[in-house]
Amino acid sequence: NAGVTQTPKFQVLKTGQSMTLQCAQDMNHEYMSWYRQDPGMGLRLIHYSVGAGITDQGEVPNGYNVSRSTTEDFPLRLLSAAPSQTSVYFCASSRQGGDTEAFFGQGTRLTVV
Amino acid sequence: AQSVTQPDIHITVSEGASLELRCNYSYGATPYLFWYVQSPGQGLQLLLKYFSGDTLVQGIKGFEAEFKRSQSSFNLRKPSVHWSDAAEYFCAVGGGGNKLTFGTGTQLKVEL
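Chains as they are written, first to last, in the working numbering: chain A, 1 to 113; chain B, 1001 to 1112.
For the record, the hints were derived by calculation from the structure and aren't laboratory data.
Don't take each hint at face value.
No more than 20 Å apart at the CA atoms, straight line, and that leaves these computed lysine to any residue pairs for SDA-like [what the hints assert, rightly or not]: (1) B:1109 / A:40; (2) B:1049 / B:1002; (3) B:1099 / A:100; (4) A:9 / B:1040; (5) A:9 / A:100; (6) B:1099 / A:55; (7) B:1061 / A:103; (8) B:1099 / A:44; (9) B:1099 / A:53; (10) B:1061 / B:1077; (11) A:9 / B:1038; (12) B:1109 / B:1002.
Using C-beta positions, here's what the derived DEER-type ranges look like [said to hold, decoys possible]: (13) A:53 / B:1052: 40 to 46 Å; (14) A:101 / B:1011: 23 to 29 Å; (15) A:26 / B:1084: 25 to 31 Å; (16) B:1041 / A:101: 41 to 47 Å; (17) B:1008 / A:28: 37 to 43 Å; (18) A:96 / B:1007: 29 to 35 Å.
In this text, a Cβ means the ideal position worked out from N, Cα and C, and glycines have one as well.
Can you make the complete structure from the sequences, with help from the hints?
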């Protein structure tokens, strides 16, 4: 059982480049979300989804787009990367919101130069 | 808006000593509370969670936490720390739609 799989694990981008961080889960979870982790700031919610076709913004959504065409996948797009987006990105999924455990991927370490 | 405060950025304990990591939360209703652990270069693993009922909850790896509504706290404890417990610990409060609000984390160092 793979759980939550994120690709790539590491990425270096130049300012202005675009890329997509991939996230897939094989647990048939309805809820998926993206967080970024920065030193001294914990994890902050970027976007989340409560099911296929439904997404919403979190605490720090600017510069990021998401879509949810299937239950399994929840990609995060950076349209024009900026140095401020240098961070470690985590995808998470859960069976439902609120009172259930969120399962996290291993993270993608992104550096924008 | 919900928030979580972890006042200790770094904590160092000797192996075999007891441990308490502090967490204070702000939430408008009955909170869903979690403690996660992150080892270097890894994702987050759930240690324990509180939703309702008994205010003392047991988790994995010998950890426990106590919910105190009057103090808005959810402190994590372990009676005897092992060297393998060295990691970063995050307290989080849960909202609807898998929306977790995390504290800034406490880095635990264990001295042998």
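### Query
If you check each hint against the structure, which ones fail?
5, 12, 13, 16
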